[in-house]
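Work out the full structure: start from the sequences and follow the hints.
Here are the chains, one letter per residue:
2 protein chains.
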Amino acid sequence: MEKWRITHRLLRYSSNLLVDRSSNCSASPISAFRFASDYRENFVKRGLRNASSIQYRFFGSVATEIQRNTWFSTLNLDDISYFKEILGEKNVIQDPDVLLDANTDWMRKYKGSSKLMLQPRTTSEVSQILKYCNSRRLAVVPQGGKTGLVGGSVPVFDEVIINVGSMNNIIAFDKVSGILVCEAGCILENLISFLDDQGFIMPLDLGAKGSCQIGGNVSTNAGGLRLVRYGSLHGNVLGLEAVLANGDVIDMLGTLRKDNTGYDLKHLFIGSEGSLGIVTKVSILTPPKLSSVNLAFLACKDYFSCQKLLLEAKRKLGEVLSAFEFLDKQTMDLVLNHLEGARNPLPSSMHNFYVLIETTGSDESYDREKLEAFLLRSMEDGLVSDGVIAQDINQASSFWRIREGVAEALMKAGAVYKYDLSLPLEKMYDLVEEMRIRLGQTAKVIGYGHLGDGNLHLNISAPQYNDAIFAQIEPYVYEWTSNHRGSISAEHGLGLVKANKIYYSKSPETVHLMGSIKKLLDPNGILNPYKVLPHSLNSYH
Amino acid sequence: MEKWRITHRLLRYSSNLLVDRSSNCSASPISAFRFASDYRENFVKRGLRNASSIQYRFFGSVATEIQRNTWFSTLNLDDISYFKEILGEKNVIQDPDVLLDANTDWMRKYKGSSKLMLQPRTTSEVSQILKYCNSRRLAVVPQGGKTGLVGGSVPVFDEVIINVGSMNNIIAFDKVSGILVCEAGCILENLISFLDDQGFIMPLDLGAKGSCQIGGNVSTNAGGLRLVRYGSLHGNVLGLEAVLANGDVIDMLGTLRKDNTGYDLKHLFIGSEGSLGIVTKVSILTPPKLSSVNLAFLACKDYFSCQKLLLEAKRKLGEVLSAFEFLDKQTMDLVLNHLEGARNPLPSSMHNFYVLIETTGSDESYDREKLEAFLLRSMEDGLVSDGVIAQDINQASSFWRIREGVAEALMKAGAVYKYDLSLPLEKMYDLVEEMRIRLGQTAKVIGYGHLGDGNLHLNISAPQYNDAIFAQIEPYVYEWTSNHRGSISAEHGLGLVKANKIYYSKSPETVHLMGSIKKLLDPNGILNPYKVLPHSLNSYH
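So the sequences go chain by chain: U and Y.
378 is the number that the numbering used here gives to position 378 of the first sequence; each next residue is one higher, with no gaps.
361 is the number that the numbering used here gives to position 361 of the second sequence; each next residue is one higher, with no gaps.
With a straight-line cut-off of 30 Å between C-alpha atoms, the simulated DSSO-like cross-links for lysine-lysine are: (1) Y:Lys444 to Y:Lys301; (2) U:Lys519 to Y:Lys519; (3) Y:Lys289 to U:Lys301; (4) U:Lys412 to U:Lys329; (5) Y:Lys111 to Y:Lys444; (6) Y:Lys175 to U:Lys329; (7) U:Lys289 to Y:Lys289; (8) U:Lys308 to Y:Lys175; (9) U:Lys329 to U:Lys418; (10) Y:Lys131 to U:Lys519; (11) Y:Lys175 to U:Lys427.
If you only want the chain U side, here are some residues facing chain Y, beta carbon under 8 Å, derived: (12) Gly223; (13) Tyr366; (14) Glu426; (15) Gly454; (16) Leu533.
Chain U stretches covered by chain Y per the calculated footprint, using a threshold of three residues with CB under 8 Å from any CB of chain Y: (17) 171 to 182; (18) 247 to 260; (19) 265 to 273; (20) 313 to 324; (21) 482 to 491.
These aren't lab readings, by the way, just hints derived from the structure by calculation.
Each residue gets a CB set at the ideal place from its N, CA and C atoms; glycine is no exception.
And the structure:
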């Protein structure tokens, strides 16, 4: 028991922490790439070419080859004139430097060759743009904060970029119901700050919050750190406005918690990655800001203990549990070796597994006592080997730094093969162990993620990219996930890179139905082509 | 302060209460109708006729006239033979007594004239039935527990009834994740009992739980008493299996909290009232059962205080708040006059408004102290005029009896015009007051409902049905609701009775898109015809 280091100083850092936790990677997304030069070079070697010359692309896997769909028109001067007429000169962007940035995702992993970015300021302008593009068969890519990880938010070839960042007004906020209505281009962190002043929080929180926009969050059904407490955007988004490919504006911008009048079609636009329509406004239920946040960093001897601890935390911490994250020994090792200033909060020895438990509640002293009592009981029961509760904002930030710094540490360590999987909890870690056996000494396999949501981030780190390693990983990881009825994309979406992998997680009948919905809503296929759906269903012309 | 009656005996009644609260109306739904004979007689007078003779119907409103769609075939002997072949003799029901019951909803308000009920036991059988019916253009009505309030679950004319009650197996339960997978015909109360043994609860709880089935709950996006805490079924249903009109089985039965692989099409089947497919299996996230439940019955001097109290409860009780219900003085008066054994828990004088606050948490003594402290503070602030906390299961049941007995009291009081509305909180009660002014002494207007969800049950009670009263109510109530961007059906759905009223809550473009989705998924329109969508979109043949 004496190992248990609990500080009895009151911890109250909620709103500050929000800002602090974001600073790791959101202030300047592109700058994060300075850690990824090895990756970029290797990626380029694996086949990224210039679209304007050869019009097809390879994306890391030998099986993925995409050709520009000749059904789509190419831009002409009349198009540019029309857009200038409806948007004004300055919102029709042809500047090569700006376009270079807009064509490239924040990891600099995906790069298109669009010659035009449009910046509408109103729903009506989005509607006019789409109506025109549809009639002209001009393909478009809706763009928000461009922080996605699967190549969904940048052009693949010469699609017209529709950037909604100028549509960033907060339209209404109701302090009684906690319902916020805003435009799609609002940056998540700005909404968080706005709500903080009102005494509320957003029900989602992401590392990329400094750049990502609510329209993109909704379009990709972003998950993040608060899902275990507040659930997904399908539960929190109360309404939205979307513009269809033909320019029709669908006003589903309800601000009601309950509304059973016909089909709830807003869900079609949540998570469909801009391929069924462009989300222009969002109404979202926001929880009240609670006054106390506590964070514990714990060690467990095995994965079964982590699992058991989660079950107990759900029951005993129940209503105050707000995050339950885990990482294995190999992840900690990698972070300590590659992340500057990182320090194991439990330094006496290496443990097999680490767990972060955050609670958020309305009573400071009680919440702390509750967490302490729970942790003491968990130690007595042998579920926790060691642990510490953060005593101030700095300590809390350093704990989060371990968990949130894994991606950065991985990039510094060399080449990395990244998988974002949902798996049944009891089976999840088996895959990590199996991959270790398959790969032996050729690569490091690390497992971490949102245990509270059943979301494993499986990463394989090697000195450099290597086809032999890749062949050991894929399709094995996808097949294994599929055999366990898991998801090959828990929260990142399919985008460009996984569009053809959809059958690993969805039945052919379901995918077929998705294709029918796509054809119904976007008969010319102009919205974010080459993405989400497999190639066979994406290019129906 | 001395008015505050708090008992300090520990209250712990969670699982028992679940059973107790259901007993008011779920044991034998049909028997509830013994209170409604006046209503039935009046209803019949207003135009209910026998479909087999004249093939059209009136449903209470002069504007609602429906004719049988002649696009649909009528049953013949070959059909019966085919169904007997695939389902076996005993699952093809033609017995007139059984059919009389199956044709009639539990309020005996809607009555069809189907000559056939099928009882499939497997998804494959549902698939074969639908494939056949689709090819023969035989209209069908999917049927579960038949507890709906808008005529959605019984035939309008001669539709074949597909009753999924025999598909009532629990398929799997994962105690680590709390994810339950079961067939559509499982009765909600049976699932609650099953989970109770496992230490979990269902995220939804309805008065009708003794009869309603999970497939029907999902198909109607049932709301109920726990929505304020656990959110809607769009957030809690993780997956489902549905059979389309053409017999295609769509397996979306995921058991994952996070899965961003393509369009999340399960949402199309949640709340579409069986008109896009028949839900055959459901996977649902269930919360752990928490050990303490507390219930307070409070008085407030005005509606603004109720609203303010809700805001404070969300903030101060935050994570333990599990219900926030309200009723006005007129509702209490009606309950005391018509509900046997009902007693005002705060008998000293009549108050203008009453609020029930329930908390559910994991720590008995703390939760009680927290609620007490909150209520004392609310009295000091003048938000609460008087109040009492239930000291045992009997007292808690008697408090809930007031709130849950309103519908029964209304039926005993005579004719009743019922409206289930979602409205912005700050405007909600204005409608009740406006209706009182409009109706004067001709009828009693009462307001109660799920304040925590913004859901008002507006009811107008009169000695008997009267066209002059009706003309004062409709379309005024719907127009008022529409003007405030409310919902004309918060939780009951549209069914038959409100199908043509959809435009009050949804834009023409949205409804048009619903119609396109309906045509895509059910080109022959055989699934639950005449319901959900307006007549013009329902009869596209």
